[in-house]
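Q: Each chain, written out:
Protein chains: 2
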Amino acid sequence: MKARLALAALALGVSVAAPAAARSPQESDAPVLIRWPDPASVRAEATRLPLFAQEMERAREDVDAAIRAGVHVPVPRDPGGGATHEQHKRNYKAIQDAGFLYRLTGEARYAEFARRMLLAYADLYPGLGPHPAAANQRPGRLFWQSLNDSVWLVHAAQGYDAIRQTLSEDDRRTIEGKVFRPMATFLSKGSPEVFDRIHNHATWANAAVGLSGYVLRDPDLVEKALLGLDKSGNSGILRQLDLLFSPDGYYAEGPYYQRYALLPFVLFAQAVEENDPQRRIFAHRDGVLLKAVHAAIQMTYQGHFFPINDAMPDKSLRTEELYAGVAIAYARTRDPGLLSIAQMQGRTILTAAGFAVARDLAAGRARPFPFRSILLRDGPEGERGALAVLRSGAGPDDQVVVAKNTAQGMGHGHFDKLNWLLYDNGNAIVTDYGAARFLNVEAKQGGRYLPENESWAKQTIAHNSLVVDETSHFGGEVERAEAHAPRQIHFEGEGDTRVSTAEMVGAYPDVRFRRSLVQLRVEGFSSPLVLDLLRVEGGAAHQYDLPLHFAGHIIETGFPLQSNPASRPVLGTANGYQHIWVDAIGAPTTADAFVTWINDGRFYTYRMLPAAGSQVILAESGANDPSFNLRREPMLIQRVRGSEDATFVSLLEPHGAYDPSAETTVGSRSRIGGLRHHRDAAADLVEIDLPGARTLVIAIADDPSPAAAHSVTFQGRPLAWRGHVGRFDIVRDATTDQDGMSMP
Amino acid sequence: MKARLALAALALGVSVAAPAAARSPQESDAPVLIRWPDPASVRAEATRLPLFAQEMERAREDVDAAIRAGVHVPVPRDPGGGATHEQHKRNYKAIQDAGFLYRLTGEARYAEFARRMLLAYADLYPGLGPHPAAANQRPGRLFWQSLNDSVWLVHAAQGYDAIRQTLSEDDRRTIEGKVFRPMATFLSKGSPEVFDRIHNHATWANAAVGLSGYVLRDPDLVEKALLGLDKSGNSGILRQLDLLFSPDGYYAEGPYYQRYALLPFVLFAQAVEENDPQRRIFAHRDGVLLKAVHAAIQMTYQGHFFPINDAMPDKSLRTEELYAGVAIAYARTRDPGLLSIAQMQGRTILTAAGFAVARDLAAGRARPFPFRSILLRDGPEGERGALAVLRSGAGPDDQVVVAKNTAQGMGHGHFDKLNWLLYDNGNAIVTDYGAARFLNVEAKQGGRYLPENESWAKQTIAHNSLVVDETSHFGGEVERAEAHAPRQIHFEGEGDTRVSTAEMVGAYPDVRFRRSLVQLRVEGFSSPLVLDLLRVEGGAAHQYDLPLHFAGHIIETGFPLQSNPASRPVLGTANGYQHIWVDAIGAPTTADAFVTWINDGRFYTYRMLPAAGSQVILAESGANDPSFNLRREPMLIQRVRGSEDATFVSLLEPHGAYDPSAETTVGSRSRIGGLRHHRDAAADLVEIDLPGARTLVIAIADDPSPAAAHSVTFQGRPLAWRGHVGRFDIVRDATTDQDGMSMP
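Note that the protein sequences, when read in sequence, are chains A and R. For the first sequence, counting from 1, position 33 maps to 33 in the numbering used here; every step adds exactly one. For the second sequence, counting from 1, position 656 maps to 656 in the numbering used here; every step adds exactly one.
Chain A extracted, bound-state conformation (with noise of 0.2 angstroms):
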């Protein structure tokens, strides 16, 4: 282990510190949390470094604008947003940069910046109560809610253990006892609620506290940090591990706080390595904290995270705790892939793992990040559910469906069991709202989740999945919603037909849905068509809603409509319906069943194949919405009405460009001719007719098992396949192409 972390060092070209197993913190002034680039290797190499040069000089130009605005540590007062509390978010960024910044350079004004800031804190902090301005969270100190106070304490630790050499013992003393020791207090014992529980606010409290443990030679702390208050194992970090995330790094949340969760992990798996390697953590549960990296990074399209959950949509990979994540990730596996991340994000962290990642970057060693499709289990053993990720090719145009079929993810999950997303040249096709809230703006709530966060956004007529008599899944409550996960039934990434199963049982009582979605990769066509096939079996007579939330203008519709041209009605009074705005009915046959859309020069059509009597609402978000919380987005509703089962046979079509330079306009209608789906007694079938009389059948078997042999016999053809999914290439007579709509 020795001999493996001093090349790991060589390699990296960091001053080969003595190795981490035969360093005793409490008897050396050395940084232990970090590994430090040596000054003078960032005196050579720095400025070759794009990355890590602009780095330094974002991080030199906040701390000198600092330190000329001089210390200000503000009496708290403030919630999220306020004056008090941005100010002291800017102090532990500027507490982190310059110490940061004093390793890096040598130079005695940032270590004594650092210094008078802290010691600041220490006047400060000792007289403080609880935050006036706490809300329905846990209160902190210098913070509304303690959840900031652990965020600062894990960015001063940092900033602290690069400068404690520095310092007297008297600052050491009066800093440590009077900011760092009873701010862990305050965190661990004084917030068993918080700290002992499973959940992105303990995974901070942990890490905070753990990283305050070693910074204060107290391997009591580290130990608590690690296997919670009572040391017993069932809590603490390493617990977390264990139980927010799964065998294949998907966190119980969702991509949007597995970005926030990671920091907090990365940071300190950082500091437990360097202190205590024996205890291999980064190797823990097979190197789950890494796949947890790789996992974030493979939820994304064009760098932002598939917005499920509570999420912000513009949240990205360029995102502080994402440059830690590949930084510490790539220190540890020197994956290339990484590098082309950090490229893309344009930014890294002031470390030896940053400064690795700007040198081998400079030195060409990045390869593209090999996004591809991936299923991402859900659940501690990964028995919950799963993320489906379809990825028609690694670029960052190529279509990706999304099947979110993962468990409901605690207090901050959404009720749409087996909902889907599709990314398509560049953008997102059919959306997800994410979460009704705007991040830090004091208006609209102190920028908390907003009231139509738990009206409109988590509601399931929100999401692109199925509503049973206009109410959410588990009635919208999360302890009847934890009880029950969808079960991933078959997974196929590759080839020219993806797929994607998965049934949902306990979400609407005796009601059972399962959903395929399969991306088909057709000659001619540019961008792979989508086959959405949803069954629901429900015992008795139902309203049946499935929602498809899309991102476009409409071009087209085929079908007539009944519009409200004078006044617009809300289509209903709960469960996220209020918010509903309808612009017109309509009642499609099979033969004209589609909305044609364009969005960013490429048309989109979605075609379906109603029942009788069904119907087909277009409407638009943002009815009762008095204080404009919500975004206008639109929507189409296919509704079955009095029905106990129903298949829906949805097809989305890519097609065609329209280009405003040069003003030129290609194929803005579908080139589908016909849509049919035909009922066997173990298997659906769905024909999909082609231009050049050619036809497609997608036979999807109810039995998944991969070695099972299907055959039935289809318009007078035996068509046989091995396996949950078949697929047939059919070339039709001129007599079925003259009746292309007939039900077969």
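Hints were generated in silico from the structure; no laboratory data involved. Careful: at least some of the hints might be erroneous.
No copy is singled out in the list; a pair is fine if it fits within one copy or between any two copies.
[Said to hold, decoys possible] In silico DMTMM-like links for lysine to aspartate or glutamate, alpha-carbon gap of 25 angstroms or less:
(1) 93 with 663
(2) 93 with 659
(3) 93 with 703
(4) 291 with 479
(5) 291 with 38
(6) 291 with 123
(7) 178 with 57
(8) 231 with 286
(9) 93 with 29
(10) 189 with 223
(11) 231 with 273
Mind docking chain R on chain A? Use the hints.
A: Below, chain R without anything else, positioned relative to chain A:
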């Protein structure tokens, strides 16, 4: 003259052919329309000139593909966007590009392809009658509109000119006798009602006929193109240069059609300069054509044209017409600012002019284009209003206020006298809808202007200008509108207080209104404030509506709103009002009349000074739109009822920043403490309370004369200024501050 041309040729590094003045086209086979770089220079240099090399590569790909696809010259059948329409478009580009590639490479296969294509047209053309899909426009033969036939001929003539030298006498006779001469005849004396108009369709026809004239060695056709069918000069290209452009290079129909019209002007002018330099066409009217190229560029933000009048808002400088415009203007002026435009376009043309652009760009000669505040007068004598552009700086993100004080601009003009637009931080903030049209999208009425272009996009309420009694300016009648133009009273484009003031009389009977837009640089504000003072005298009691169409999501309204939660009514029944959904209505006071929205991470607060009893309506476009032809965009309307006169005082304040990566928000609330207005005998005074107990007073005299001295007593203080606008920074005393909202 000869010497100058030869020198220019040397400077261009092109083969110095016999100077044009000495050339006798009738006696030479050489190309006459365009000056070419010699193939040796191209071979030696092109690979080192990325702009030119890419352009050649692009042309090669297109033409090589066309050669592989074979000559396909279908019998005309389809309207715009249809298959035969698009094929004939591809063909004229292929003929042109093949000719150009032959000139640059000397490869015979390119000449041969153009020859075969032209011979196929010689087979087709003589048998054609009026196009079968002709609609309400003048029908062509190859296309549904004769306009497209002109465009075909402009391109094909240039391609033919480039290969003519390679053809046998027989082929020339066939192609000229069956294509160029009959087309030129059809478009000139066969279509006098188009050819002799003053209109962009005529420009295309004139250019097509004129270029054909040079190629056919027929001076008579050239004369007609320049001077009209009767050669009197009452029509033709020169007359169009006189009447369609203002002395400042503003084109009557506005920037969208300016871009479109420029291409035939510059291509034909280039040929005139080559063959008839004594006409000094580029010097015509003090160089109006070159001014027009510069004016077109000045009328952009982030490369996009201001979308006033009928315009596609996605239209940018990255368009065919401006690649040629920039290169041809550069070849004449060597203005290094044009090189940076070419760089932004990333495109040029395959001629000596484009070669010079590419070479000088590669040599690092580009300088930033001098974007600046500019007054572009409208009308042949500059007497019919103006487009006033206040630009806070030359950078792409700097703020731009556009005051649309132009005349009607013929059939594509909108009824929006004294309308305004705002760009800030790289985005359109106060917006213009542009045209209701989906260019070339078949399902949207073949890509033509939609009915909603008349019922919404052209109406006054769809703009940011005054609406009297829910009717549009001039009753929405073009003829009445053409009879009246606004009067630009004052323009000051430099300094801390930039101003445009204009007056409109005649938009409504007995109604006169005047508007000052003031762009105020204020210390401590990163972007200027914009003050909008609009005063109307109506002679009798009216309802006055002042709409503001803005881009962004509403964050906060200062005043209580009566919302329409359960059903959303329509505001009116005609003149565009039938397309407005009403979200909420409020009756703000002077103390709380503001609305804040966010756009791309920056906040915008629009503060009003409502008269007693007035209303603010929050609304959205898109009602009464059963075919989803309209975009849905937010607006607010200040409404005053039953007044003879009214003054609308509004202040737009950009502020703060939301950063989704860092999750920080600063300055999300307005910093303006109050806004007050005082009408003096012959001046308006507006007070703006700034942070730090400062008050800014803007005094706008009715009299615009620069020399006039004004003095008023204001809140016990004497205020004196000279000229139209005075500005005073006042330190408030405590008493005033406590009563900051009092009307003086």
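Q: Each hint should be assessed against the structure and marked as holding or not.
A: Here is what the structure says about each hint:
{"no.": "1", "hint": "93 with 663", "in the structure": "between (49 angstroms within a copy, 13 angstroms between copies)"}
{"no.": "2", "hint": "93 with 659", "in the structure": "between (45 angstroms within a copy, 16 angstroms between copies)"}
{"no.": "3", "hint": "93 with 703", "in the structure": "neither (55 angstroms within a copy, 55 angstroms between copies)"}
{"no.": "4", "hint": "291 with 479", "in the structure": "neither (29 angstroms within a copy, 70 angstroms between copies)"}
{"no.": "5", "hint": "291 with 38", "in the structure": "neither (30 angstroms within a copy, 59 angstroms between copies)"}
{"no.": "6", "hint": "291 with 123", "in the structure": "neither (42 angstroms within a copy, 67 angstroms between copies)"}
{"no.": "7", "hint": "178 with 57", "in the structure": "neither (32 angstroms within a copy, 69 angstroms between copies)"}
{"no.": "8", "hint": "231 with 286", "in the structure": "within (23 angstroms within a copy, 88 angstroms between copies)"}
{"no.": "9", "hint": "93 with 29", "in the structure": "within (23 angstroms within a copy, 74 angstroms between copies)"}
{"no.": "10", "hint": "189 with 223", "in the structure": "within (13 angstroms within a copy, 96 angstroms between copies)"}
{"no.": "11", "hint": "231 with 273", "in the structure": "within (19 angstroms within a copy, 90 angstroms between copies)"}
Violated hints, listed in ascending order, are 3, 4, 5, 6, 7; each of the other numbered hints is respected by the structure.
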